[in-house]
Amino acid sequence: MADLQGKIVIITGGSKGLGASLARRFAQGGAQVVAAARSTDALERLAGEFSGHIFPFTCDLTQADQVKSLIDTTVNQFGKLDILVNNAGVGRFGSIPELSEEDWDLMMNVNLKGPFLTSKFAIPHLIPSKGHIVNVSSVAGIEAFPGGGGYCASKFGLMALADVLTKELKKHEVKVNTICPGSIQTEFSENPKSYALTAEQVTEAIWHIVTAPEGVIYNQVIMRPQVPPQMQK
Numbered sequence: 001m002a003d004l005q006g007k008i009v010i011i012t013g014g015s016k017g018l019g020a021s022l023a024r025r026f027a028q029g030g031a032q033v034v035a036a037a038r039s040t041d042a043l044e045r046l047a048g049e050f051s052g053h054i055f056p057f058t059c060d061l062t063q064a065d066q067v068k069s070l071i072d073t074t075v076n077q078f079g080k081l082d083i084l085v086n087n088a089g090v091g092r093f094g095s096i097p098e099l100s101e102e103d104w105d106l107m108m109n110v111n112l113k114g115p116f117l118t119s120k121f122a123i124p125h126l127i128p129s130k131g132h133i134v135n136v137s138s139v140a141g142i143e144a145f146p147g148g149g150g151y152c153a154s155k156f157g158l159m160a161l162a163d164v165l166t167k168e169l170k171k172h173e174v175k176v177n178t179i180c181p182g183s184i185q186t187e188f189s190e191n192p193k194s195y196a197l198t199a200e201q202v203t204e205a206i207w208h209i210v211t212a213p214e215g216v217i218y219n220q221v222i223m224r225p226q227v228p229p230q231m232q233k
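In my numbering, the protein residues as written are 1 to 233.
No incorrect hints appear here.
Below, in silico cross-link-like pairs of lysine to any residue (SDA-like), each with a Cα-Cα straight-line distance of 25 angstroms or less:
| id | residue 1 | residue 2 |
| --- | --- | --- |
| 1 | 130 | 6 |
| 2 | 16 | 39 |
| 3 | 193 | 17 |
| 4 | 193 | 227 |
| 5 | 193 | 204 |
| 6 | 16 | 113 |
| 7 | 120 | 165 |
| 8 | 80 | 50 |
| 9 | 170 | 217 |
| 10 | 113 | 167 |
| 11 | 120 | 218 |
| 12 | 68 | 39 |
| 13 | 193 | 90 |
| 14 | 113 | 101 |
| 15 | 16 | 110 |
| 16 | 120 | 110 |
| 17 | 113 | 96 |
| 18 | 167 | 222 |
| 19 | 130 | 29 |
| 20 | 68 | 6 |
| 21 | 113 | 160 |
| 22 | 120 | 60 |
| 23 | 113 | 169 |
| 24 | 130 | 64 |
Please keep in mind that the hints were generated in silico from the structure rather than gathered at the bench.
Given these sequences and hints, build the entire structure.
Right under this line is the structure:
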């Protein structure tokens, strides 16, 4: 398919950064987008940019009842669900002795439990539509680094969850895609490199993933910025 005309999409972490960029791109491509996040005000501002195409839904993705309500409300309103983008994520960094239990739990809950819950409740609706699950992981999901213990563990876990979903849903023709970008120039990164990926660049990669030709699955995409020669080690 060349566009997403008539497709129903849920994007988590949809109030800012990559999530908001995805919501705009998908809406421009003809989709009806339900943008989910905890920030009601930011969601409503985003929805105001594309009235009739972006719909805000305030939701804490770590709470099963709220996630079920997100999925059920979307299907009740639009009659189906075609694409789930598990984009919401949080990072807290420091060595293992320095990392607090609260920060560890936060990353596990948002980065791993959240995609588990959204997938759990979305799958019964994605099977009849032969839909997509797109997981936004990270290069940190395939390469660990000092100071990233909790974040890497949560993203490695997401990669494993995506692999299981791929195997479980293959027989239903539900596509499971995972993208692993390097650092992105959004609010997520405090001091991104000048050459870091932009939200728009990652958005276009995900756009190509969900509009792939029939019979084609971009199972896992690793995306890095091109480092200028003078800045290479």
